[in-house]
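A.B. asks: Next come the chains, spelled out residue by residue.
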Amino acid sequence: MLQASHLRKEFGSVVAVRDVSFEIPSGTTFGLLGPNGAGKTTTMRMVVGIYAPDGGTVTWNGAPIDERVRRRFGYLPEERGLYGKMKVRDQIVYFGRLHGLLDTDAKARADHWIEQLGLQQYAVRPCSELSKGNQQKVQVACAAVHDPELLILDEPFSGLDPVNADVLLATLNDLKRRGTSLVLSSHQMWQLEQICDRFCIITGGENRAGGSLAQLRAGWPTRVIKVEPSTDAVRNVMQSVSGSHALPGENGALYYQVPANTEFPQLLRALVQADAITRFDAMEPSLQDIYIHTISRGQAD
Amino acid sequence: MMRRLQSRTFWIGLLLGLAGVLVMMKLPAFIDSYTAQTNKTLLAGDPALLARAKPLLAKDFPTAGELGPLHRAPTIAELRARGATSVIALSQDAHGLHVVVYAEDPSVAQPSQLRRDLLPLNLQMQTHLPESQVHALIQIPVDVRSVSEKFGTVAAANAAKIIAYVLLVLLYVLIIINSQLIMSSVAEEKTSRIAELLVASVRPSSLLAAKVGASATLAIVQMIVWVASAYAFGMHTAPVASRSGDSDVTFSLNGISPGDIAGFVIFFLLGFLQMATLFGAVGSLINRTEDLGSVSGPLFIPVIAAFFIALAALDVPNSPAVVVTSFIPLIAPFVMFARIVVSNVPFWQVALSFVINAAAIWGIALLGGKIYRIGMLLYGRPPRFAQIVHLLRS
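The listed protein sequences derive, respectively, from chains R and X. According to the working numbering, the first sequence holds residues 1 to 301 in order. According to the working numbering, the second sequence holds residues 1001 to 1394 in order.
Everything labelled a hint here was simulated from the structure, so no lab data went into it. Watch out, some of these pointers could steer you wrong.
Looking from chain R toward chain X, a few residues come up when the C-beta cut is under 8 Å (computed) [unchecked claim]:
no., residue
1, Tyr83
2, Phe95
3, Leu98
Partial list, derived from the structure: chain R residues whose beta carbon lies under 8 Å from chain X [what the hints assert, rightly or not]:
no., residue
4, Ile50
5, Ala63
6, Pro64
7, Arg68
8, Tyr75
9, Glu79
10, Gly81
11, Leu82
12, His99
13, Leu102
14, Asp105
15, Tyr255
Please read all numbers here as calculations on a predicted model, not as lab measurements. Think of the CB as a built atom: it goes at the ideal place given N, C-alpha and C, for glycine as much as any other residue.
Here chain R stands alone, though its shape is the one from the complex:
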C-alpha cells in the first residue's frame, strides 16, 4: 500500500503542495484530480522520489521510498521525452536495464510491450520518426517495462487520438487485472471514471475530496431527475418535491434537480398516478460534475 501523509513542498516563497494525504491499497487504480497548478505533478514527483517533501511522508508497504523501493515503481511524467536517435526497442530495453532488469529479461519485456501496444512495425526505427501518439506509447512501455508494482502516469491520455486512447485504456485495464497499482492524473474524466477505483481531488495544494466514486456521490447533495412526458401533471408533481427546481428540458423530457435524500420510489409512484410515465431516471452525478463542483467550492473558499 502507498501511503502519503500530509505532504508539503515549497519552492522558495511558492507553496506548491500545502497538505495532501491519501492511501492507495495494493492493486487499486487511483485518480489524482485537480486543475492546472493544483500540485498534482509535484505530489507525483514526491511519491516517485524525484523531490524530497518539505513536510510529511511517503511510504510503500510501510517502508520509506528509497532507491530499492523506487526501482519497483514506474513513472510516466507529464513532460514527455525520448532519445530521438535511439531505436524504439533499444530505448525500452535501456529503461528496463535502468530499472535493474537483466539484458535478456529487458529484451523479452520490451518485445512484450512492443506487441501489447501495437508497435511491431516501428521496433527498429528511431523514435524521432514516430508520430506523437506512437511516441507516447513508447514512453508508456519505458515506464512499465520492468513490470512495476506501482505505475504512476501523469496525464497519460493527453495528446492521444480516440483510437490510441482506447489502446492505452485497454493496456491500463490489463495492468490492473494483473494487480499493478496505478496512479493516474488526467483531465479526461470519462476515462478516469472508467478505470479508477478511488479518487483524490486536490486544489491549491490541499485535499478537497476523496474516496470511491460511490463515496463521492454519497456526499453529493442533489440528484437530477429526467422524466417523460413533459406534461403539466408531471410538472406539478415534480414541483411539489421539497427543494426541487427545474432545469432546462430537452427532446420532450423534463429535468429537475432534487435533494439527494428524496424518496425516489414514492416520487415515482406519485408520477405514475399523475400521468402515463414513459421515462423516469434518477441520475447520479458524474465524476465531472463532482470535480467541477468540488473545484468551484475550493476556489470559493
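Based on these hints, arrange chain X on the given structure of chain R.
C.D. replies: Then chain X, alone, in the frame of chain R:
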C-alpha cells in the same frame, strides 16, 4: 557506456583522433622538408670566396645558385625567377668577412646561425692559420653531465620534454573532447525532456557518476587505441630538433617509463573526473543546445590555464609558482604530470597533490550532483548564479 560505444560520434571521434595523431607525428618532418625546399638562398660575391663559404653554409642554408658581386639590392621578382627567397652577399675587407642578407622575409635571415657557420672562415681570413688549426680553436669540448637521477644525458632530458609535451596535448584533447561530449549528452536529455523519466528511474547523482565513469573508461580506450596505433605505424621513434640546435634528439615512446605512464593515467583520471563532473552538472542547466558554447566557455579557462602552466613547468618544474599550482584542483593534473616527467618530484608532493585532487573530486561530485539534480528539472530561462546558489542551499 554501451550507448556511447555504439554511437557513430564515438567511432568518428576515435578515427579522427587517430588520423590526427598520425598527422601530428608526420607533420614536423613534412614541414621541415617543405620549408627546406621552399626557403632556398642565393650566394653572391667573389667566386673564390663563395667556394670557401659554400661548404660551411650548405647544412643550414640550402642554395639555389650563385651570383657575382652585387651592386644593388635584388628585387623580389629577381629572387623568385631564380627559385630563391633570399640572397647572402659575401665580401671581404680589412676587418675580415662582411655579410649582407637580402630577404623577402627578414625573419628567416638567422644572423646568429650565419655568424656561427662562417666563424671558421672569418678566423682563417683574419689569422691566416691553417684550416685544421682554426677548427681545433673553435671546437671547444663541452661535456654536459647530469646531476639528476632522472636523466643520464642531455638527449634523454630533451626527449622527456618532448614526450611530456605530446602527452600534455593528449591529456588536454581527451579532457576537452570527452567533457564536452558529457555536457552535450546531458543537454540532449534535458532538451528532449527525457530527464524526468531518467531521474525517476535512477538517482541523479548515480546517473551523473555513471556518465562520467563511462566517459572516462572510453577516453582511456581512445588513448590506448591512439598510442598503440602510433606505435604500430612505426611512429614510436622520430628525430626531432633539439631546442639548442647543438644536437639531434630522438623522440621515442620507448623512453616513457612505467612511472610516467602511471602518472599520466592517474592524473588524467583526476583531471578528467573533475572536469567531466563539472561539465555534466553545468550541462543540466541548459535548456537549448545552442547555449552549450556560451555556458561551457568559462569552464575552459582553468583547463587552458593549466595547459600553459604545464608547458612552463617543462622548463622550470620546481619554480615556486609551478610547485604551488601542482596542488590546485583542475590545474594540478596537468602541472603535476609535467613535473613528474621532467624532474624528480618529492614523493610527498605527488601524494599530497593526489590526495587534494581526489578530495576535490569528491567535493565537485557532491556539488555537481546537486546542480545536476536541480538543473535537470529546471526549465524556462537559464537560472542566474544567485538562483543556483539559493536552490543549492534550499
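A.B. asks: Using 8 Å as the Cβ threshold, decide whether leucine 98 of chain R counts as touching chain X.
C.D. replies: Result: holds, 4 Å to nearest chain X Cβ.
A.B. asks: Closer than 8 Å between Cβ atoms is the bar; does tyrosine 255 of chain R clear it against chain X? Give me holds or violated.
C.D. replies: Result: violated, 45 Å to nearest chain X Cβ.
A.B. asks: Hold the hint about glutamate 79 of chain R up to the distance rule: shortest CB distance to chain X must be less than 8 Å.
C.D. replies: holds (5 Å)
A.B. asks: Does the interface hint hold: is proline 64 of chain R within less than 8 Å of chain X, judged Cβ to Cβ?
C.D. replies: violated (15 Å)
A.B. asks: Does the nearest C-beta of chain X fall within a distance shorter than 8 Å of the C-beta of leucine 82 of chain R?
C.D. replies: holds (6 Å)
A.B. asks: Regarding the hint that tyrosine 83 of chain R lies at the interface with chain X, is the smallest CB-CB distance below 8 Å?
C.D. replies: holds (6 Å)
A.B. asks: Quick check on glycine 81 of chain R please, does its C-beta sit within 8 Å of some C-beta on chain X?
C.D. replies: holds (3 Å)
A.B. asks: Would you check whether alanine 63 of chain R satisfies its interface hint, that is, whether its CB is within less than 8 Å of any CB in chain X?
C.D. replies: violated (17 Å)
A.B. asks: Next item in the hint list is aspartate 105 of chain R. Is there a CB on chain X closer than 8 Å to its CB?
C.D. replies: violated (16 Å)
A.B. asks: With chain X as the partner, please determine if phenylalanine 95 of chain R meets the hint condition of a C-beta pair closer than 8 Å.
C.D. replies: Status holds, d = 6 Å.
A.B. asks: Minimum Cβ distance from tyrosine 75 of chain R to chain X below 8 Å?
C.D. replies: holds (4 Å)
A.B. asks: Just to be careful: measuring from the Cβ of arginine 68 of chain R to every Cβ in chain X, is the smallest value less than 8 Å?
C.D. replies: Check failed: Cβ of arginine 68 of chain R comes no nearer than 11 Å to chain X, outside 8 Å.
Taken one by one, the earlier hints fail for this structure at numbers 5, 6, 7, 13, 14, 15, listed in ascending order.
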